[in-house]
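First to last, the sequence lines map onto chains A and B. The first sequence runs contiguously to residue 424 in full-length UniProt numbering. The second sequence runs contiguously to residue 424 in full-length UniProt numbering.
In case anyone wonders, no lab produced these hints; they're calculated from the structure. Any given hint could turn out to be false.
For identical chains, the list gives no copy identity; a pair is met inside one copy or between any two copies.
In silico DSSO-like links for lysine-lysine, alpha-carbon gap of 30 angstroms or less [to be verified]:
| id | residue 1 | residue 2 |
| --- | --- | --- |
| 1 | Lys110 | Lys127 |
| 2 | Lys144 | Lys127 |
| 3 | Lys144 | Lys30 |
| 4 | Lys286 | Lys144 |
| 5 | Lys31 | Lys144 |
| 6 | Lys30 | Lys110 |
Just so it is clear, the structure is predicted and the values come from calculations on it, not from any experiment.
Letter by letter, the chains look like this.
2 protein chains.
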Amino acid sequence: MALVVQKYGGSSVADAACIKRVAQRIVATKKAGNDVVVAVSAMGDTTDELLDLAQQVSPMPPGRELDMLLTAGERISMALLAMAIGNLGVEARSFTGSQAGVITDSTHGKARIIDVTPGRIREAIDKGQIAIVAGFQGVSRDTKDITTLGRGGSDTTAVALAAALNADVCEIYTDVDGVFTADPRIVPTARRIPRISYEEMLEMAACGAKILHLRCVEYARRFNLPIHVRSSFSNKEGTWVVADPVSEEGQMEQPIISGVAHDRSEAKITVVGVPDKVGEAASIFKALADAEINIDMIVQNVSAAATGRTDISFTLPATDGPTAINALKKIQDDVGFESLLYDDRIGKVSLIGAGMRSHPGVTAKFFGALADAGVNIEMISTSEIRISVIVSQDDVDAAVTAAHSAFNLDADQVEAVVYGGTGR
Amino acid sequence: MALVVQKYGGSSVADAACIKRVAQRIVATKKAGNDVVVAVSAMGDTTDELLDLAQQVSPMPPGRELDMLLTAGERISMALLAMAIGNLGVEARSFTGSQAGVITDSTHGKARIIDVTPGRIREAIDKGQIAIVAGFQGVSRDTKDITTLGRGGSDTTAVALAAALNADVCEIYTDVDGVFTADPRIVPTARRIPRISYEEMLEMAACGAKILHLRCVEYARRFNLPIHVRSSFSNKEGTWVVADPVSEEGQMEQPIISGVAHDRSEAKITVVGVPDKVGEAASIFKALADAEINIDMIVQNVSAAATGRTDISFTLPATDGPTAINALKKIQDDVGFESLLYDDRIGKVSLIGAGMRSHPGVTAKFFGALADAGVNIEMISTSEIRISVIVSQDDVDAAVTAAHSAFNLDADQVEAVVYGGTGR
Numbered sequence: 001m002a003l004v005v006q007k008y009g010g011s012s013v014a015d016a017a018c019i020k021r022v023a024q025r026i027v028a029t030k031k032a033g034n035d036v037v038v039a040v041s042a043m044g045d046t047t048d049e050l051l052d053l054a055q056q057v058s059p060m061p062p063g064r065e066l067d068m069l070l071t072a073g074e075r076i077s078m079a080l081l082a083m084a085i086g087n088l089g090v091e092a093r094s095f096t097g098s099q100a101g102v103i104t105d106s107t108h109g110k111a112r113i114i115d116v117t118p119g120r121i122r123e124a125i126d127k128g129q130i131a132i133v134a135g136f137q138g139v140s141r142d143t144k145d146i147t148t149l150g151r152g153g154s155d156t157t158a159v160a161l162a163a164a165l166n167a168d169v170c171e172i173y174t175d176v177d178g179v180f181t182a183d184p185r186i187v188p189t190a191r192r193i194p195r196i197s198y199e200e201m202l203e204m205a206a207c208g209a210k211i212l213h214l215r216c217v218e219y220a221r222r223f224n225l226p227i228h229v230r231s232s233f234s235n236k237e238g239t240w241v242v243a244d245p246v247s248e249e250g251q252m253e254q255p256i257i258s259g260v261a262h263d264r265s266e267a268k269i270t271v272v273g274v275p276d277k278v279g280e281a282a283s284i285f286k287a288l289a290d291a292e293i294n295i296d297m298i299v300q301n302v303s304a305a306a307t308g309r310t311d312i313s314f315t316l317p318a319t320d321g322p323t324a325i326n327a328l329k330k331i332q333d334d335v336g337f338e339s340l341l342y343d344d345r346i347g348k349v350s351l352i353g354a355g356m357r358s359h360p361g362v363t364a365k366f367f368g369a370l371a372d373a374g375v376n377i378e379m380i381s382t383s384e385i386r387i388s389v390i391v392s393q394d395d396v397d398a399a400v401t402a403a404h405s406a407f408n409l410d411a412d413q414v415e416a417v418v419y420g421g422t423g424r
Numbered sequence: 001m002a003l004v005v006q007k008y009g010g011s012s013v014a015d016a017a018c019i020k021r022v023a024q025r026i027v028a029t030k031k032a033g034n035d036v037v038v039a040v041s042a043m044g045d046t047t048d049e050l051l052d053l054a055q056q057v058s059p060m061p062p063g064r065e066l067d068m069l070l071t072a073g074e075r076i077s078m079a080l081l082a083m084a085i086g087n088l089g090v091e092a093r094s095f096t097g098s099q100a101g102v103i104t105d106s107t108h109g110k111a112r113i114i115d116v117t118p119g120r121i122r123e124a125i126d127k128g129q130i131a132i133v134a135g136f137q138g139v140s141r142d143t144k145d146i147t148t149l150g151r152g153g154s155d156t157t158a159v160a161l162a163a164a165l166n167a168d169v170c171e172i173y174t175d176v177d178g179v180f181t182a183d184p185r186i187v188p189t190a191r192r193i194p195r196i197s198y199e200e201m202l203e204m205a206a207c208g209a210k211i212l213h214l215r216c217v218e219y220a221r222r223f224n225l226p227i228h229v230r231s232s233f234s235n236k237e238g239t240w241v242v243a244d245p246v247s248e249e250g251q252m253e254q255p256i257i258s259g260v261a262h263d264r265s266e267a268k269i270t271v272v273g274v275p276d277k278v279g280e281a282a283s284i285f286k287a288l289a290d291a292e293i294n295i296d297m298i299v300q301n302v303s304a305a306a307t308g309r310t311d312i313s314f315t316l317p318a319t320d321g322p323t324a325i326n327a328l329k330k331i332q333d334d335v336g337f338e339s340l341l342y343d344d345r346i347g348k349v350s351l352i353g354a355g356m357r358s359h360p361g362v363t364a365k366f367f368g369a370l371a372d373a374g375v376n377i378e379m380i381s382t383s384e385i386r387i388s389v390i391v392s393q394d395d396v397d398a399a400v401t402a403a404h405s406a407f408n409l410d411a412d413q414v415e416a417v418v419y420g421g422t423g424r
């Protein structure tokens with residue numbers, strides 16, 4: 001008998017009909033002989049509706065109260081899901097994050113899980129019950145206040161519970177059949193990836209593949225917990241995220257490239273004419289860090305000898321653009337740079353594959369494919385298992401298609417089916 | 001400095017605008033130099049909407065899950081109210097029933113409070129914060145599950161908190177200016193009752209005055225806690241419910257009658273031709289008790305010597321009518337009664353007043369007034385401070401008006417203003 005933790009997002013429980021369908025799937029998993037624990041998000045647009053109400057009463061609601069408000073969403077969906085399962089003749093119990101023992105720090109709105117003490121969940125399992133746990137929420141160890149985990153929170157809840165319960169697998173249900181070699185909306189012949197390593201999945205997530213959140217993959221890697229990403233609309237096998245996909249599969253050789261990811265949500269800022277002195281770059285990035293802005297790629301031009309000045313470009317989430325520009329303007333006189341350029345018409349295209357460690361020709365082939373497709377590269381960044389380039393936003397589709405094809409990732413026929421909307 | 005506990009019902013926090021208005025009232029109470037604790041119900045129709053969702057996924061939702069679901073309603077209203085207060089520059093913290101220490105038994109849907117341990121509320125008060133507590137909910141001592149208190153639950157939460165915190169007063173906000181000598185919709189010249197005893201208020205509540213729930217008055221009496229019933233739409237003094245209204249007011253004499261209450265929600269069942277033997281009545285009322293039906297008034301006719309049979313009539317909530325009829329039909333053969341009569345076109349009119357203890361003529365005057373108004377009395381029941389009669393539902397208005405006038409309760413001018421809808 002296996003212990004399976006399942007996670008259903010907001011689009012999977014958007015209304016009563018959806019909830020009843022999910023209940024049937026959960027009951028089927030139970031009847032197949034498994035113990036089942038479920039993490040569930042708030043129904044469809046509930047979170048947005050609650051945020052809207054909050055805005056109506058306060059332009060800057062305190063984090064503690066906002067968390068109290070938003071956690072009502074999962075309370076509703078989990079109770080309804082437990083009722084729907086009960087109606088199918090199987091006993092189910094819903095638990096808040098606090099009841100499930102999801103202990104966090106006190107950072108409201110993006111709390112980090114510091115411990116999971118799932119005594120009541122274990123008790124429910126031992127009684128043969130299905131435990132339904134509110135995703136996205138926990139309780140602060142220090143203040144005993146209710147907290148939320150921020151983006152990707154429900155996935156993280158599921159993985160953290162699975163790790164604490166020593167589950168056999170954490171199934172993340174979504175509206176596609178798994179992780180694909182590229183976004184099927186851009187490359188219709190993209191292939192489902194049957195198995196992928198944590199490291200590659202982390203790079204995919206960091207490079208714009210929205211199917212799993214970075215935090216949940218990190219958590220799974222730390223506890224060596226297998227994740228099965230699959231569709232809540234079909235019974236097909238999805239994508240397994242595991243430590244060592246090659247040896248587990250018994251394959252002879254690893255594919256060089258696992259997939260091509262892209263991201264249109266970044267912007268590029270260029271600080272023009274920075275005096276080429278020790279500490280100038282440090283001042284710039286300290287100002288950005290103080291404004292809590294996450295920088296992605298950084299390029300510093302070789303200093304022009306004639307002027308003694310250089311340009312520094314970096315990318316960041318476009319939503320942080322205005323904040324970053326403000327922070328930099330405040331230090332313009334101190335640092336003495338000349339001007340700021342802002343460009344949010346960029347895109348990032350990334351090639352990810354553990355196999356590229358042992359294949360030195362990958363970069364050349366990637367850049368060659370982009371050149372053949374007429375795509376100009378603006379910035380480059382690499383890791384051991386990833387190459388990312390910044391291109392014009394208009395060139396993203398062409399770049400993804402060219403790279404996908406150059407590394408022979410195309411399937412013979414269309415494999416991907418996108419079933420519903422996008423979950424959270 | 002006084003400690004004031006305030007309770008706002010669903011109609012007082014129906015939308016963002018209402019919540020902001022209530023926030024201003026709370027802040028004004030705080031700025032007047034008081035410590036303030038607030039118990040709040042779910043917004044307007046939230047509870048009904050959640051019940052409707054539950055019905056969609058399960059025809060018979062388990063009580064535990066239904067309570068988990070419904071308590072999301074207060075979570076939303078209390079977080080929004082705390083935000084709205086914060087936006088006025090005063091710090092507020094919201095607390096669930098569990099966080100506020102409202103400990104109950106495990107009877108889901110109508111749990112009873114068995115202890116209140118308001119450590120976190122006291123802490124918030126000591127920090128100068130306003131504590132907002134979810135009404136209607138608690139946590140089971142034995143199972144640690146979330147419970148709801150059932151009808152009148154938010155009033156009970158407020159009074160229980162006020163008692164545990166040794167508050168100076170519990171203010172129950174509603175949509176009328178207090179308790180009136182009769183329903184102003186029937187008697188436009190009804191007078192606001194400035195002060196009333198717990199005993200009289202209990203009789204009023206039991207006899208159909210919907211302004212305060214029986215349980216909350218009982219709780220306040222046990223702890224000798226003053227309740228101030230007032231309107232959330234005005235700043236007028238309302239009605240004080242206290243132990244000894246006369247001596248506290250310094251009056252010379254108590255009014256004979258405090259008010260006239262009425263109730264159209266009951267039905268009458270007559271069990272016809274019951275054999276006049278020992279134990280027959282007991283069998284009938286045991287069957288009703290087993291079906292969990294609350295009986296109000298009972299009348300047994302004098303047995304007719306010729307037949308050796310008698311009729312037993314009783315009243316009960318009309319909503320329990322079908323259940324009661326079924327329960328009685330099952331024992332018809334065993335008991336050997338002849339038939340059942342059912343009448344839900346009845347009304348109960350009650351005269352309440354502590355002063356009637358020392359005024360023996362009250363009954364005669366009451367019945368005389370009804371006779372003059374052409375109202376036929378079907379059943380009679382009395383307590384030390386109350387006389388109730390069952391009349392035809394069509395005669396209720398005439399009976400209330402006649403009694404109100406006979407005891408000189410009419411004001412010189414219209415005092416009552418009904419501001420909004422009805423709260424819960």
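Exercise. Which of the listed hints are not met by the structure?
Worked result: Hints 4 and 6 contradicted; others consistent.
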